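Peer 1: Use the sequences and the hints to build the structure in full.
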Amino acid sequence: MTAISIGACCAAALLAAGVATQAGAQDANAARSLAATCFTCHGSDGRSVDGVPPSLAGQSKDYLLQQMREFRAGKRPATIMHQHAKGYTDEQLDLIAGYFAGVKPGPAAAAPAAR
Amino acid sequence: MRLLNRREFVKWMAASTGAAAVAGCAGMGGSSAGRVVVVGGGYGGATAARYVKQWAPDIDVTVIERNDTFVSCPISNLVLGGNTQLSNLTMGYGGLRARGVRVVRGEAVAIDASSKQVRLADGSSLAYDRVIVSPGVDFIYDQIPGLNNAEAQNRVLHAWKAGPQTLALRKQLEAMRDGGVFVFHIPMAPYRCPPGPYERVCQVADYFKRDKPKSKIIVLDSNPDLVSKKGLFLAAWNGMYKGMIDYRPNSELADVDVKGMTVKLTFDSVKGDVLNVVPPHRAGDIARTTGLITANQRWCGLDWTTCESVAVKGVHVLGDATLSAPAMPKSASMANQHAKVCAAAVIALIKGQPVNPQPVMMNTCYSFVDGKNVMHVASVHTYDAAQKTMVAVKGAGGVSTAASELEGTYAWGWARNIWSEALG
Chain A
1 MTAISIGACC AAALLAAGVA TQAGAQDANA ARSLAATCFT CHGSDGRSVD
51 GVPPSLAGQS KDYLLQQMRE FRAGKRPATI MHQHAKGYTD EQLDLIAGYF
101 AGVKPGPAAA APAAR
Chain B
1 MRLLNRREFV KWMAASTGAA AVAGCAGMGG SSAGRVVVVG GGYGGATAAR
51 YVKQWAPDID VTVIERNDTF VSCPISNLVL GGNTQLSNLT MGYGGLRARG
101 VRVVRGEAVA IDASSKQVRL ADGSSLAYDR VIVSPGVDFI YDQIPGLNNA
151 EAQNRVLHAW KAGPQTLALR KQLEAMRDGG VFVFHIPMAP YRCPPGPYER
201 VCQVADYFKR DKPKSKIIVL DSNPDLVSKK GLFLAAWNGM YKGMIDYRPN
251 SELADVDVKG MTVKLTFDSV KGDVLNVVPP HRAGDIARTT GLITANQRWC
301 GLDWTTCESV AVKGVHVLGD ATLSAPAMPK SASMANQHAK VCAAAVIALI
351 KGQPVNPQPV MMNTCYSFVD GKNVMHVASV HTYDAAQKTM VAVKGAGGVS
401 TAASELEGTY AWGWARNIWS EALG
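Chains as they are written, first to last, in the numbering used here: chain A, 1 to 115; chain B, 1 to 424.
It should be emphasised that the hints constitute simulated quantities derived from the structure, not laboratory data.
None of the values given here were measured: they were computed from a predicted structure.
Just so you know, not all the hints are guaranteed correct.
[As the list claims (entries may be wrong)] Using 30 Å as the maximum straight-line C-alpha spacing, the simulated BS3-like pairs for lysine-lysine come out as follows:
hint: 1; chain 1: B; residue 1: K230; chain 2: A; residue 2: K86
hint: 2; chain 1: A; residue 1: K86; chain 2: B; residue 2: K388
hint: 3; chain 1: B; residue 1: K271; chain 2: B; residue 2: K259
hint: 4; chain 1: B; residue 1: K351; chain 2: A; residue 2: K104
hint: 5; chain 1: B; residue 1: K394; chain 2: A; residue 2: K75
hint: 6; chain 1: B; residue 1: K351; chain 2: B; residue 2: K116
hint: 7; chain 1: B; residue 1: K216; chain 2: B; residue 2: K161
hint: 8; chain 1: A; residue 1: K75; chain 2: B; residue 2: K372
hint: 9; chain 1: B; residue 1: K372; chain 2: B; residue 2: K209
hint: 10; chain 1: B; residue 1: K242; chain 2: B; residue 2: K214
hint: 11; chain 1: B; residue 1: K230; chain 2: A; residue 2: K75
hint: 12; chain 1: B; residue 1: K372; chain 2: A; residue 2: K86
hint: 13; chain 1: B; residue 1: K171; chain 2: B; residue 2: K264
hint: 14; chain 1: B; residue 1: K394; chain 2: A; residue 2: K61
hint: 15; chain 1: B; residue 1: K394; chain 2: A; residue 2: K86
Peer 2: This is the structure:
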C-alpha cells in the first residue's frame, strides 16, 4: 500500500466517521427538541430548581419509560402527567427518556432577584 | 393529521448530515457563526435567547428589552388577592447576561428586513442574520372612546401586563369601601391567558371574603361563556365564593364613562366603585410597524416549523403576538415552547442545517382559586404537515378533577422552572 492510498483510506474513514457523528448529532437534536417540551415544568435539561416537579436529569431510561407507560395506562396516580403522557408516541417517549438519562443531574439556576 | 413516515424521517436525517458537514467546515474560523437579535425579553424572547446561546455558543445573541426587570404575568393575579407580593414575581437579566447573551435596555422601533437591521429609539441600529420578535400584546383603545387617553387609562386600569398597573389595581381594591362593587370587563377571545380573567375573579373574591365581605363582583364577559376551565371556576364561584359573583356573559363593551365610574354595554350600563377593563389586544407595536400582522389586523401568521413570519423573511415571531394555531392558548407556557422550537430552527437556518419538520409543543396553565388551591389545563400540540399548522393531539391533555393544594405546589414549581429557563 502506498502513502497516497493510505491517505485516501484515512480521508474516507474520517469522512465516514464525520457523517456518523453528524447523523448522531441530528438524532440528538430531535431528542433534545422533544425533551425541551418537558423543561417548562421540570426544569432546563430536566434539572428542576427546587425538585418540584421532580428532576428528570440522570434518571434511568427504563424507569422513565416505565413511569410514562403507567401514567398513560392510569396505573400511576397523577394530577397532570396522565394527560401529557398521552400526547407522545412510543418512539417520542423513547427519545425523551434517552435524552434525560444522558443528562448529568443537578439543580437548575433560579432566576435572579431584581436588583 | 399527517406525521412523517420513516422514509421521510431518514431523508431529513440524511439531508441534515451532508449540509451540516459542509457548514461545519465554514464555521471553523473561530469567529461568530451569525448574529441573532431578539426584540423583547419576556417569556418568549428571553427563553429563545438563552437556548440559541446554549445550543450554539458560536452565535452572537442580543436581546433588546425596554424594562430593567422582568415581571411575571402568571401568578400576578395573586398580588390582587393579597396572596403574594409583586417583588416575588420580579427578576433581573443578570442570569441571561451570565450565559453570554447581550442584553440592551432600549426600545426597538423598526426592523428593516432588506438591510437586516433593528433600529432603536435612541437612533442606534443592530445588524442581524435572523431576528426574533417577541413583543407580547398591545391594547386596542380606539373602539373605547372614554378610555382613549392616558388620564382615563390611569384611572380605569387593565392590569393585564404585570407591573405598576398590578400594584395600582391592588391599591384601588384596598381603598374600596366594604360593600363596594368591583366591575371587571373581559374582552372577546383570543386574548392573553384564557383562564386569567376567571382566576382574577377568584383572587379578588378571596380578598373580599377575607377583608370586605359585603362587597360584590360583577363580571362583564364579552364571550358567550367562560372561555377556560368553566366547570372548575364555577365550582369555586358557586362554592367558596357563593353569592359574591354576578357573572354576565355576552356583555359587549360599548364605552367607559370614567368620571361616572360606569361601564357602558350595548344595552346596559353598570356602575362600580372600582372598574377594571381589559381592552381587546393585538400583537405589540413593533409587529405592526414591521408588517408582521397578517390576521384581522391583530396577529402575526407563522410557519410553525420555524416560527418565521409568513409575511417577512428572516423575521421570527413568538408568544402572544402570534396568530395562534387551533386550540393553542396565548400563554407563558406556549411562548416558552415557541421559543425552543424557534431557537433550534434559527440555529439550523444560520448553519445551513435542515429544520426539524415535526415540532411538538406542550401547554400547562395553572390557576389559583385562592392563596393555595390550584387547577390546571393541559394540552400537547404537534405539527401537521398537511394542514401546515400545529394541531392538538387527540386524547391528550385535559383539566384537573378539582382544585388542590398539591397542584398549588406544582404551580409554584412550574413558575420557578419557567423563570429559570428564561432568566436563570
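Peer 1: Among all the numbered hints in the text so far, which are the ones the structure does not match?
Peer 2: Result: no hint breaks.
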